[in-house]
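Visitor: Next come the chains, spelled out residue by residue.
There are 2 protein chains.
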Amino acid sequence: MQLTQHTDFGLRLLIVLARKDAPVSLPVFSAQQGLSYHHVAKVAQRLVQAGFAISQRGRSGGMALARPAMEIGLGDVVRKLERGMRLADCATCALKADCALSSVLAEALGAFMGVLDRYTLADVAREGVPAFAPWAMLPQTPGCAVTEPS
Amino acid sequence: MQLTQHTDFGLRLLIVLARKDAPVSLPVFSAQQGLSYHHVAKVAQRLVQAGFAISQRGRSGGMALARPAMEIGLGDVVRKLERGMRLADCATCALKADCALSSVLAEALGAFMGVLDRYTLADVAREGVPAFAPWAMLPQTPGCAVTEPS
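From first to last, the protein sequence lines stand for chains A and B. Take the position in the first sequence, starting the count at 1, then add 151; the result is the number in the working numbering. Take the position in the second sequence, starting the count at 1, then add 151; the result is the number in the working numbering.
Hints are supplied without guarantee of correctness; some may be wrong.
In this list, chains with the same sequence are indistinguishable; a pair is considered to hold if it fits within one copy or across any two.
Listed next, the in silico DSSO-like pairs over lysine-lysine satisfying Cα-Cα at most 30 Å (straight line) [claimed, not checked]:
| hint | residue 1 | residue 2 |
| --- | --- | --- |
| 1 | 193 | 231 |
| 2 | 171 | 193 |
| 3 | 247 | 171 |
| 4 | 231 | 247 |
| 5 | 247 | 193 |
| 6 | 171 | 231 |
No lab work stands behind these hints, which were simulated from the structure alone. These numbers come from a predicted model, not from an experiment.
Chain A on its own, in the form it takes in the complex (with noise of 0.2 Å):
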């Protein structure tokens, strides 16, 4: 289960643009992160599209948050740039959704987005917080399928 890379690179963009005065050239983000510049601008029209962000043309243009980090949801930007909330695929199974699993899931997703909803962008913008792998928190039992990372 993770965040599509949609989700993920546009959070990475919002971060940085958080952090940055100045208008944030989209080549220059996408070197620096290793990621095709392609799909970085995709992002970022959705960005702008969905209201976070401004591109602002020129020799010293480039990309910047539409209003303050502290007035941008971190669960509204989930909910725009991910594509699909669609935990299981019911609609392809055979039990016809006549099982209980979608209601405990749609219940398990509210509770992860209203975790999101409490945040705003400036609070995971913030620098120098202690670097925290998530993964860490899950239980951990013996033959469990859930990795760190290599």
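Take the given structure of chain A and dock chain B to it, following the hints.
Guide: Then chain B, alone, in the frame of chain A:
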């Protein structure tokens, strides 16, 4: 954001096992679900390894639950089937986790798993519950990327 196919198919298989008194044939299950037998066999193997199911050989053999459905926690199943719980790919990000995003995502993932931990396979395998579209619970805003299934 979605569960992996591996987890999705594993949950479907466990729900079917919970509803049947007799062993379930994997080829029959695969055909009913329109899934690749090869993929289903790998998922079944994982369910056996994780102690959720047993595989019985012979003419009347097949898969069955290893213990009562009410003793199989949904959170445990998802933890053991999901191959990774890295919601964002901090390992490749130039910010080097020097932001608070990972800790917020960890908190959100904890809330997600906390809901699943309150339910068992017996809870979700119940038949006759109203069909429910989890995405319908998400706030929809104009231009929002959250989409309904086609």
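Visitor: Each of the hints needs a verdict: does it hold here or not?
Guide: Each hint, compared with the structure:
For the homomeric pair residue 193 and residue 231, the shortest alpha-carbon distance inside one copy (13 Å) is at most 30 Å, but the shortest distance between copies (35 Å) is not. Taking the closest pair of Cα atoms, residue 171 and residue 193 come within 30 Å of each other only inside a single copy of the chain (21 Å); across copies the shortest separation is 48 Å, beyond that limit. Taking the shortest alpha-carbon separations for residue 247 and residue 171, only the inter-copy value of 17 Å comes in at or below 30 Å, while the best intra-copy value is 49 Å. In this assembly of identical chains, the alpha carbons of residue 231 and residue 247 lie at most 30 Å apart whether taken from the same copy (28 Å) or from different copies (25 Å).
In the homo-oligomer, the alpha carbons of residue 247 and residue 193 lie at most 30 Å apart only across protomers (23 Å), although the nearest pairing inside one protomer, at 35 Å, exceeds that limit. Within a single copy, residue 171 and residue 231 get their C-alpha atoms as close as 23 Å, which meets the 30 Å cut-off; across copies the closest is 41 Å, which misses it.
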